[in-house]
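Participant: So you can see what is in the structure, the chains are spelled out below.
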Amino acid sequence: MTALQDQLDAIRHRVGIGVREGLALGRTDATSGRAALAPRSATNLDLREAQFRQGLVLDDGGRPTVDLLVGTFRGTMWTLLDDPRGDLADLGTLEDHVVIGIDGPFAWEVLGAWASPSAIGLPYLGAFAPRDDELVIRAGRTGEYGYLVIVPADRAEETLAAVWAAAAPMDPVRTTDEAVARCAFENFVFELGREGAHGLDALELQLTWRLDLHADAPGLDAIRAHREAGLRRRLTAMEAEEPLVEGAEVRAGDRSIGRVLAAVGGRALAVLDLPWAQSGMTFEVDGRPATTRSAPFVTNRSLFVNPQRHSWATRDEIELPPDLA
Amino acid sequence: MNDEERLARRTAAVDEVQRLLVEHLLLEVEPHDLDPDAPLFGSGHGLDSIDAVEVAVALENRFGVRMHESRVESVPHLRTINTIVDLVLARQELA
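Listed in order, the protein sequences are those of chains A and B. Convert by adding 3 to the 1-based position in the first sequence; the result is the number in the numbering used here. Convert by adding 2 to the 1-based position in the second sequence; the result is the number in the numbering used here.
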């Protein structure tokens, strides 16, 4: 297996390709699937054909229990979950298919070379079918250009080889779920098993944008009540010179104002009480200074790559900010 | 400026940018429903490139903050409400 740092470099600068082992896939008839999911979904499911959405299922306290990607394509509803299917098992668990991830600032060019040049223009959270029984969704967690390729398991190796060949000029690296999760962390992309595993509700996790506040689904009454009462704590990005540790207390002078929920080196996601949950403040974690900051942790290279103007071959001509140049 | 004043200033700026976005983009949400660190464009709050122009004009009119024409300089500042606030407060400190 390629070293984690090499995988991260590939996803950040070029392209990484790998089977997304941790994604649970479901496929069912769109009408019955929607009828089954809508009463449980805190996210609006009014979707156009070939449009996907990042959704949530909440418990009665408004805490996420399912983080899913959902969409319909040619009369079929597809669900992709970052964790075991739990109470969505009735939405057609699909075990004879594999999800291949293509991630990185030049992933679009790989997709165009492998599938079709027109695939380069695929909008975010859009989908298309390169071949029968295959689906590509633009839904990257690591930057602007990330694609999930769903293929029958018996064609997975053949597809991986073809995608790899298309990416060959970029020196691709085989990536793991761990590397994708690490890049998701630095891009402030929600992970249920990380910051979502500490009992915070969707408002505290800064996931209000995923909620249909007018819907009637589990957890939304609690969310509406919380909104009415006012937010008291919020997920906040922090940085320190020294490594931060999950569970560490965050202090403002003599007062305990929160704790670290997840950390990678000197970067952390902490839950802080308001009004302290604001960017640009220096507090104490384990007796050492740590500063809150605006998320995400990185300026993603993909923000400056335009498929209409750039290419891997001309990458040196892409104008980048000083911290990426 | 002490920590309390900095917190108050930051909180007020976040509130103001949230209100500004809701008013100028005619968003059908309450200002506080805009998560400060959620992406404004694409996923997240789902704004598009036309909204980006509106946001840039509104920021200039309200705060005197002029967005650079260069994508390299403007894109990092327009990613979230918090990154906009970073820019607004930095420019106010320079003024």
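Misleading hints may appear alongside valid ones.
[Stated by the list, open to error] According to the in silico footprint, chain B covers these stretches of chain A (three or more CB under 8 Å from chain B): (1) 92-98; (2) 147-153; (3) 197-211.
[Claimed, not checked] Some, not all, of what chain A presents toward chain B, calculated at C-beta under 7 Å: (4) 124; (5) 127; (6) 129; (7) 191; (8) 281; (9) 282; (10) 322.
Bear in mind the hints are in silico, worked out from the structure with no lab data behind them. Heads up, the beta-carbon is just placed ideally off N, CA and C, and yes, glycines get one too.
Participant: If a hint holds in the structure, say so; if it does not, say that too.
Facilitator: Going down the list of hints, with the structure as the test:
1. 92-98: violated (count 0)
2. 147-153: Our answer is that it is violated, as 1 residues pass the Cβ test (under 8 Å) against chain B, missing three.
3. 197-211: holds (count 3)
4. 124: 14 Å, violated
5. 127: 5 Å, holds
6. 129: Interface hint status for residue 129 of chain A: violated (11 Å vs cutoff 7 Å).
7. 191: Where the cut-off is 7 Å and the nearest Cβ of chain B is about 6 Å from residue 191 of chain A, the hint holds.
8. 281: 4 Å, holds
9. 282: 5 Å, holds
10. 322: 5 Å, holds
Hint compliance for this structure: hints 1, 2, 4 and 6 are not met, and every other hint is.
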